[in-house]
Amino acid sequence: MDVLTTLTIIFLLYSLYLLYKSYKLKCSRNCYLVDYVCFKPSPDRQITTRKCGEIIERNKNLGLAEYKFLLKVIVNSGIGERTYGPRNIIEGREESPTLDDAIEEMDEFLNVCIHDLFVKTKISPRDVDVLVVNISTFCPAPSLASRIVHRYNMRDDVKTYSLSSMGCSATLVAIDVVQNIFKSGKKSLAVVITSESISPNWYSGNDKSMMLGNCLFRCGGSAMLLTNDPAMQAQAKMRLKCLVRTHIGANDDAFNSAVQKEDDMGRVGVHLSKDLPKAAMRAFTENLKRLLPKILPYREIALIAFHIVKQKLVQPNAKLNKVVAQINFKSGVDHFCLHTGGTAVIDAVRQALRLSEFDVEPARMTLHRWGNTSASSIWYVLGYMEAKKRLKKKDRVLMISFGSGFKCNSCLWEVTRDLGDGDVWEDCIKEYPPKTIVNPYLDKYGWVNEETEETFNREERIEAFKNSPW
Amino acid sequence: MANEPLPPFSSSVRLKYVKLGYQYLVNHILTFILIPIIVGISIELARVGPDEILSLVRFLNDLDLIYVMSTLFLVIIVGTVYFMSRPRPVYLVDYACFRPKPNFRVPFSTFLEHARLVPQFDERTVRFQVKILERSGLGEETCLPPANHYIPPTCSMAAARSEAELVIFSAIDELLNKTGMRPKNIDILIVNCSLFSPTPSLSAMIVNKYKLRSNILSFNLSGMGCSAGLISLDLARDLLQAHGNSNALVVSTEIITPNYYLGKERAMLLPNCLFRMGAAAVLLSNCRRERSRAKYRLTHVVRTHKGADDAAYRCVFQEQDSEGLTGINLSKDLMAIAGDALKSNITTMGPLVLPASEQLLFLFSLIARKVFKAKWKPYIPDFRLAFEHFCIHAGGRAVIDELQKNLQLSDQHVEASRMALHRFGNTSSSSLWYELNYIESKGRMKKGDRVWMIGFGSGFKCNSAVWKCLKTIKTPVDGPWSTSIHRYPVDVPAVVKVL
Numbered sequence: 001m002d003v004l005t006t007l008t009i010i011f012l013l014y015s016l017y018l019l020y021k022s023y024k025l026k027c028s029r030n031c032y033l034v035d036y037v038c039f040k041p042s043p044d045r046q047i048t049t050r051k052c053g054e055i056i057e058r059n060k061n062l063g064l065a066e067y068k069f070l071l072k073v074i075v076n077s078g079i080g081e082r083t084y085g086p087r088n089i090i091e092g093r094e095e096s097p098t099l100d101d102a103i104e105e106m107d108e109f110l111n112v113c114i115h116d117l118f119v120k121t122k123i124s125p126r127d128v129d130v131l132v133v134n135i136s137t138f139c140p141a142p143s144l145a146s147r148i149v150h151r152y153n154m155r156d157d158v159k160t161y162s163l164s165s166m167g168c169s170a171t172l173v174a175i176d177v178v179q180n181i182f183k184s185g186k187k188s189l190a191v192v193i194t195s196e197s198i199s200p201n202w203y204s205g206n207d208k209s210m211m212l213g214n215c216l217f218r219c220g221g222s223a224m225l226l227t228n229d230p231a232m233q234a235q236a237k238m239r240l241k242c243l244v245r246t247h248i249g250a251n252d253d254a255f256n257s258a259v260q261k262e263d264d265m266g267r268v269g270v271h272l273s274k275d276l277p278k279a280a281m282r283a284f285t286e287n288l289k290r291l292l293p294k295i296l297p298y299r300e301i302a303l304i305a306f307h308i309v310k311q312k313l314v315q316p317n318a319k320l321n322k323v324v325a326q327i328n329f330k331s332g333v334d335h336f337c338l339h340t341g342g343t344a345v346i347d348a349v350r351q352a353l354r355l356s357e358f359d360v361e362p363a364r365m366t367l368h369r370w371g372n373t374s375a376s377s378i379w380y381v382l383g384y385m386e387a388k389k390r391l392k393k394k395d396r397v398l399m400i401s402f403g404s405g406f407k408c409n410s411c412l413w414e415v416t417r418d419l420g421d422g423d424v425w426e427d428c429i430k431e432y433p434p435k436t437i438v439n440p441y442l443d444k445y446g447w448v449n450e451e452t453e454e455t456f457n458r459e460e461r462i463e464a465f466k467n468s469p470w
Numbered sequence: 001m002a003n004e005p006l007p008p009f010s011s012s013v014r015l016k017y018v019k020l021g022y023q024y025l026v027n028h029i030l031t032f033i034l035i036p037i038i039v040g041i042s043i044e045l046a047r048v049g050p051d052e053i054l055s056l057v058r059f060l061n062d063l064d065l066i067y068v069m070s071t072l073f074l075v076i077i078v079g080t081v082y083f084m085s086r087p088r089p090v091y092l093v094d095y096a097c098f099r100p101k102p103n104f105r106v107p108f109s110t111f112l113e114h115a116r117l118v119p120q121f122d123e124r125t126v127r128f129q130v131k132i133l134e135r136s137g138l139g140e141e142t143c144l145p146p147a148n149h150y151i152p153p154t155c156s157m158a159a160a161r162s163e164a165e166l167v168i169f170s171a172i173d174e175l176l177n178k179t180g181m182r183p184k185n186i187d188i189l190i191v192n193c194s195l196f197s198p199t200p201s202l203s204a205m206i207v208n209k210y211k212l213r214s215n216i217l218s219f220n221l222s223g224m225g226c227s228a229g230l231i232s233l234d235l236a237r238d239l240l241q242a243h244g245n246s247n248a249l250v251v252s253t254e255i256i257t258p259n260y261y262l263g264k265e266r267a268m269l270l271p272n273c274l275f276r277m278g279a280a281a282v283l284l285s286n287c288r289r290e291r292s293r294a295k296y297r298l299t300h301v302v303r304t305h306k307g308a309d310d311a312a313y314r315c316v317f318q319e320q321d322s323e324g325l326t327g328i329n330l331s332k333d334l335m336a337i338a339g340d341a342l343k344s345n346i347t348t349m350g351p352l353v354l355p356a357s358e359q360l361l362f363l364f365s366l367i368a369r370k371v372f373k374a375k376w377k378p379y380i381p382d383f384r385l386a387f388e389h390f391c392i393h394a395g396g397r398a399v400i401d402e403l404q405k406n407l408q409l410s411d412q413h414v415e416a417s418r419m420a421l422h423r424f425g426n427t428s429s430s431s432l433w434y435e436l437n438y439i440e441s442k443g444r445m446k447k448g449d450r451v452w453m454i455g456f457g458s459g460f461k462c463n464s465a466v467w468k469c470l471k472t473i474k475t476p477v478d479g480p481w482s483t484s485i486h487r488y489p490v491d492v493p494a495v496v497k498v499l
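So the sequence lines, in the order shown, correspond to chains A and B.
Each residue of the first sequence is one higher than the last, beginning at 1 in UniProt numbering.
Each residue of the second sequence is one higher than the last, beginning at 1 in UniProt numbering.
Extracted from the complex, chain B is given alone in its bound form (with noise of 0.2 angstroms):
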């Protein structure tokens, strides 16, 4: 997605000023209507003097008392009606994400080592991966589950299921606490990873865990990707609706244990250097007492799926190697193809959450183009006046750099995706959760406060999740990023020279 803002516009001092102005008129345009209409009415009232009013007040006195009961009846049945059948508010009430312990640290240093003592690799693969840690935006505290660091690496299914158990239940006993909710009140679990699903689910692992209560509705979705965790909302969105005063755990998760590449394809190395460990917890719920004590309600979920077109569905695959090894293979097209499916899904979420003036100027650029021929570049709407916070899933440096220039982001706005990519890796599906987390953790999350995220995965899909702050939240937040916030934002070289 190349397109370019209309430079001579937004360039222009004078023009800016204009283009705020004509913002503030269109926004505010029900305001500016009835200001007159008020005006003309009291002005008629002044005129008309207070017997008509009486009058008036007195016709309406003697109507029949069964007129008015019946009236009012009908006023509230419609009413009742209506109030139900509009959908049920989602609450987020908490979230919690899991906090690795510095033991699970891989500097570069200790990557750079245990690569060279692998017998698997040979030295050009080794310099290779890390030719792409440097470039690649991630800090020197991410982490790796236990069996990844044996040389080699332990690839076991029991290994598996215990980085499984470590990641989710400390997460989720962590939420637990936090909200103070019983393990008995959860009515929906919904459980994302993407590579790793045992027999039985890790649905039903955390079913066992908390003994949850027999008629659970549980979900255990795999194979989604990295924007599985916004899957996952929607469809608790959707079983919130269905079913009323529920709470739903959701659970974000990658495994990273089964899933490293010992071959030596190049375009299958990557996910090696950028995966890191990392489970988020969510507490949904649709009860009106959680209202008091929630905190983001979710507006809007959208979703775009580019499966459709070979290079989307192509540009992140499992395959095997020429050796039979699996891996995931990420392709060079990867940027262009997030783009892509990135204005699929804004072309749907613009309408929902954009201000009228940019939706406006959209569609007078869209009718331009389109019926008149003109030569204008393709408008994009100013997505800054929708939201206050981005959180973008921290997929590599590339991925947020793109989305930063076709949003035109400034640093700050990125700066949540940056510092979460560079503190924790790509943790897949729950990174946005760590990005959240970043966000309150800074103290800028004030009520009111709109948040977008946005997910891709393979497939491949773009997913995002609106949700507007319900109460501002107050620093120190109790997080994963409690002990290192103080320390960020940092400063992120282009090249961390590590050979």
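With the rest of the complex left out, here is chain A (with noise of 0.2 angstroms):
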């Protein structure tokens, strides 16, 4: 029957192009980074430690006990002398800060750091889809997402996404959107922008708890340019593999960890508690329960499960550290982007997973050219990576962060060509890495442990300082 043959045929050719469809669907699933670009401030906000001293000698508040904490952890801090600030701590009005000095703090950074993204990659902001902007600490209205929309010219049906409060991980909740909307296989560009504003919350009281953030954090921030149109893959410089989300909010310690309140005397700062690195270390070991599986070799994976059950056998009752004393983690990880929290969270990071002083490279590097910008600094430590050469193609970085809450997230990205773009590096990174990241002015504060509360004369300090040859 002819017509029973024809219309077989039709049928047969109709299924084979819903399977093709679906099949094309399931290829824009992934995500990939396309490229990013990491802010540079103009050379007059940077901050070196001296100005430090000087924005601490200024605050009338603080007696010789909160003098001494600061200096210390300013030269302990493995910051070095080429961060930068935001213009009205610099220009000395950090304990008034208008709206208008956060708004040209953040104007700053859109301005230059977006328009550098789109020239890069060579699309116009009417092409972005979705857009996603993560400053934790400033939220106008109307947003700075719209604030983008505005200055861009963007279309009127972008989706975006302003999300706020999230902590120094809020980086990669956004890729977690962006990584979401991907998945229903339209093809479409997104834009993430990550950034701190750092001059509305300038802690001027003397509690020492709320004090820490004015000594590590410094202006940063990063645009990132995503997609899942498979096209792009060829230009694309590395696609997501797995991104692991952890919060261990539930556990009051952990949540009280890092809070933003008022101190006695009614000014606004964030506590630090004692047990941030204890509630940090949680957290990244829940991550890393749920992310090992997804990164290891599948040999490694089965010689620990192996290995746990040689040890459950021999000694139910026991703890399993020897059992991950034994994991080796380089073995599914090639190149680690660690969050720049401080000297400690680099440290205890390299310790947990047993990393050579060249894996943690990037990441002091960072902390000591860039300061803690907080959620855009693990851009930074990868912009070092690339400028290094190190980045071939298939290679597997693993970016993980910590953010208040307390959140630790992480994910694993495949590089999909070698990459060798010096961005915000290029003019010195030769310089890197340095004989000593030891602070230079180590000596000069060392006449702080020599004082006591009566030989301590402020103004006397201050003019003495004026009057040096530094």
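Be aware that one or more of the hints could be misleading.
Said to hold, decoys possible - Stretch by stretch, here's where chain A covers chain B in the computed footprint (C-beta under 8 angstroms, at least three residues):
hint	segment
1	185 to 198
2	316 to 329
Unchecked claim - Cross-link-like lysine-lysine pairs, in silico, DSSO-like; alpha carbons within 30 angstroms at most:
hint	chain 1	residue 1	chain 2	residue 2
3	B	K184	A	K241
4	A	K21	A	K241
5	A	K278	B	K178
Hint data in this document are derived by calculation from the structure and do not stem from the laboratory.
It should be emphasised that the depicted structure is a prediction, and the values quoted were computed from it without experimental measurement.
Note that the Cβ used here is the ideal one computed from N, Cα and C, for glycine as well.
Work from the hints to combine the two standalone chains into their complex.
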């Protein structure tokens, strides 16, 4: 029956077409990082240790104990002489920041960085389908996402999301949003903007637990372009393999380890409790438990399982420390992008994962050159690796970051082509790693240890400081 | 958007019936085509006689088993692939709104008295605020948080946190009770609160209070204005497409405490008069087993962002006045911009929801105007054919009036919005849920009804969501309206004299 044959053929062709469509859909579910740009503020915003000392000395609320504490933190922080701060703090207006100061700080970043991203990737702002902005401690109305839509004249059907208060790990939360939108299969271009607002968040009180933020946070930011379009695969730098998010807010100590609140005098600051390192480790462990099965090769997983079973049979009640000590984390990961929360964080992660100094060098150097730029720090670390030409095709890069709440987010990228773009590290990569990153002012501020409450005279000290040859 | 409908056509009674007939014809076109085909085939079969049919059946029987099996196999594979690649349905299992206690009430007399006692306000400022309140469409039972009852209001972070805990936790407690959902079964958490964003975030606060799982996907949206609730729904929908068998908790609120404006700039005093305390918690799911008890299914979400336009971007703007006090400046062009944003939104929404008859009319009108340069006014599709209920963000009386005019809605269509504004004030992103609850409490929600939620927000955004009701909601409904629904609707006068 001719009719029947024709009908069958038509039906077959249609079924093949449906299968092809669903295959194409599956291919469009990958998340590619096309390119990223880190922000380099202008040189007049550089903060040296001397500048930090000046800023601390300006604060009339500080006594000797706080002074000592802060100077100790600064000289031991691992932060170098070329990090950047917001204008209002450099100009001496840190105690009374205005809304305009905060907006100006953001504008300097948004106007430069995103523009550079579009130029670099040759994408027009009107091609952007999704815009995710995460700037933790500043959320004006209209949102900064709207500010970007306005500034770059984006389309009216652009999907914007403005994430806030999610801490230093928020950039991976933003990537999670984009990744989930991409899974619908529709070809889209997404821009993720990550930064932190320092100007409105200066703590002017004398509660020690709230002063750390003042010393460690610096200005920075990054803009990323992501897509799920397989046609852009050749241009892309990396492909996202997996993303794991862990939130241990259910634990009260972890939740209260970093809380923004008023001190006894009513000044707002972020209180960092002594439980913070413990909370971080706990969150990190939880995260690793879910991450490792996804990133380690099968052989390694089988080996770990074998050791666990062996231990359980021999010593059922013993802890699994010995087994953990035998895990080779580097079998599944070639490069580590650690959040530059501080030397303590880097050292703790290094110890936990048994990494070499070479592995954590990008993070340490980023902390030295840029300070703790909060959520965008991991992109500076990635930039260092790229500038040092460490990233080759098929390499796997693990990003780990921590955030208040307490969260630990991590993701694994696969490099899709050999990378060598210096970006913001271009001008200084040859100087890294330097022979020493010990703070040159360690000697200069050593006098603090000789003073007592009686001998400490603020005004005298400031005069002497101003007249010093430094 | 000052476009008027085509008066000569719809005002004539005879033509109205022509229009009705046309709509019926176009919307049921498939039925009208199928009937003659079926009649034709039956006549043909009757004529041919039973023998031919039997020979056809015998032919099919003679076919190779392999042929039949492979065809069947192919049908099953393609069918499975097709069904698996379809988008997952998003069900609204239930929702709960914060029920403010009567002791938080701010009747007009309280507002006036407090405003006079606040040292920062002079008589001129007080008069202005009261004048706004008189014309606002708000009633005497709207509520402000405890901190705003102090004179002057205490705007500390601690007070803001306690307001957040009060409104959010009570809404979530009620939702969890109603649905019997265990906190450990929540996979996704999205919180939106525009003007208060502490560290750790409000989403972390919820994770801590309810001991949610450590692999929860939590998101905290901020600064996105009064339409942020719909943005959260959009995000939840995208997440539920990517993760199967999941439950999502969406919390929409606005924290009033830190945003009370104590200055003299008029445009910035408006929010003091309009914004009130409120919160809503919504449970969404894509689990098939929730289908039987779900109330609604989300069919569409359309988002429009007019930020590229200068006037639109600046019409709701947070800034500092000359004294350094921060407040939200509402521009005079707000209504016009809202109308324009709505027009863009319905341009996208129209083809998704309008019946074929309206789309064809719109198409003809468009062709005539653009191709043949006819001097017709643009045809505004009749959205009453696409939706039974409308939830318009209760931003203020002017917003509701403007939308009623633009969409040609009757008073009953906008009743939910007006009454929610009267009873609860402008609760920002949660207002849509108070309005939905009003419609349910009035016993108007039937199975199959479609609801259109429209929200506006700073930026300027216009977002809308379309829900389809899955089961008739029986009264009495336990919700924020349970103590007051019997008194509604009320007639809200244009001006309520206070001074």
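Evaluation of the provided hints:
no.	hint	in the structure
1	185 to 198	holds (count 4)
2	316 to 329	holds (count 8)
3	B:K184 - A:K241	holds (27 angstroms)
4	A:K21 - A:K241	holds (23 angstroms)
5	A:K278 - B:K178	violated (37 angstroms)
Checked against the numbered hints given earlier, this structure breaks only hint 5.
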